[in-house]
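A.B. asks: Now for the letters of each chain:
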Amino acid sequence: MPLEAKIKEHGAWFKRFDVPWTPTAMVLDSEGKERYRIEGYLPREEFFAQVKLGLARIAFLGKRLEEAEAIYNDIVQHHPNSAGAAEAIYWRGVARYKRTKDHTALNAVAKEFAQHFQSSIWAEKASIWAG
Amino acid sequence: MGVEWNNDLDSALLKAKQGGRAVLIDFSASPA
Chain X
1 MPLEAKIKEH GAWFKRFDVP WTPTAMVLDS EGKERYRIEG YLPREEFFAQ VKLGLARIAF
61 LGKRLEEAEA IYNDIVQHHP NSAGAAEAIY WRGVARYKRT KDHTALNAVA KEFAQHFQSS
121 IWAEKASIWA G
Chain D
132 MGVEWNNDLD SALLKAKQGG RAVLIDFSAS PA
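One line per chain: the protein sequences are X and D, in this order. If you're matching positions, the first sequence starts at 1 in this note's numbering and goes up one per residue. If you're matching positions, the second sequence starts at 132 in this note's numbering and goes up one per residue.
To be clear, the hints were calculated from the coordinates, so they are not data collected in a lab. Accuracy of the hints is not assured; some may be wrong.
As the list claims (entries may be wrong) - Capping the alpha-carbon separation at 30 Å, the derived lysine-lysine pairs in DSS-like fashion look like this: (1) K148(D) - K33(X); (2) K6(X) - K146(D); (3) K63(X) - K148(D).
Given the structure is predicted, the values throughout are model-derived calculations rather than measurements.
Whole structure, please, built from the sequences with the hints as guidance.
C.D. replies: See below:
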């Protein structure tokens with residue numbers, strides 16, 4: 001459910017969510033809790049990837065790990081060149097590991113980062129799972 | 132999932148809660 005907050009009309013929303021800069025987009029769960037924040041302009045492709053990361057985060061935190069994994073996979077499949085895809089690869093592996101308790105899911109993440117997004121912060125984070 | 136714009140935050144949050152749906156808020160500086 002999208003909402004549009006304009007600073008001149010909805011100043012209270014900016015204060016309520018501590019938004020210091022525009023554009024900012026925020027994904028809330030059904031309880032109204034902020035689960036993901038996107039600060040600054042992004043091109044369409046990257047923006048969609050980021051919004052999906054927010055939806056995946058909601059599923060992940062709700063322990064709906066299979067659903068989270070599916071959304072992360074969708075990001076990797078449909079936004080493969082986005083920076084969000086690197087984050088999705090990382091969290092897809094974590095969701096898979098938590099769902100299956102199979103640590104090789106984390107090794108697979110490190111191996112995938114050897115092929116793609118080598119310079120991303122997510123590859124650095126996954127590097128501890130290599131070997 | 133249908134897309135529905137709603138500019139009343141509290142009513143949108145209530146609808147989201149009732150429907151188990153996520154909410155996306157776009158904060159912008161552009162004038163109305």
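A.B. asks: Please go over all the hints and tell whether each is borne out by the structure.
C.D. replies: Now for the hints, and whether the structure bears them out:
The hinted pair formed by K148(D) and K33(X) meets the criterion: a straight-line CA distance of about 11 Å does not exceed 30 Å. For the given pair, K6(X) sits about 21 Å from K146(D) by alpha-carbon distance, which is consistent with the 30 Å threshold. The straight-line distance between the Cα atoms of K63(X) and K148(D) is roughly 18 Å, inside the 30 Å bound, and the hint therefore holds.
Of the numbered hints listed earlier, not one is contradicted by the structure.
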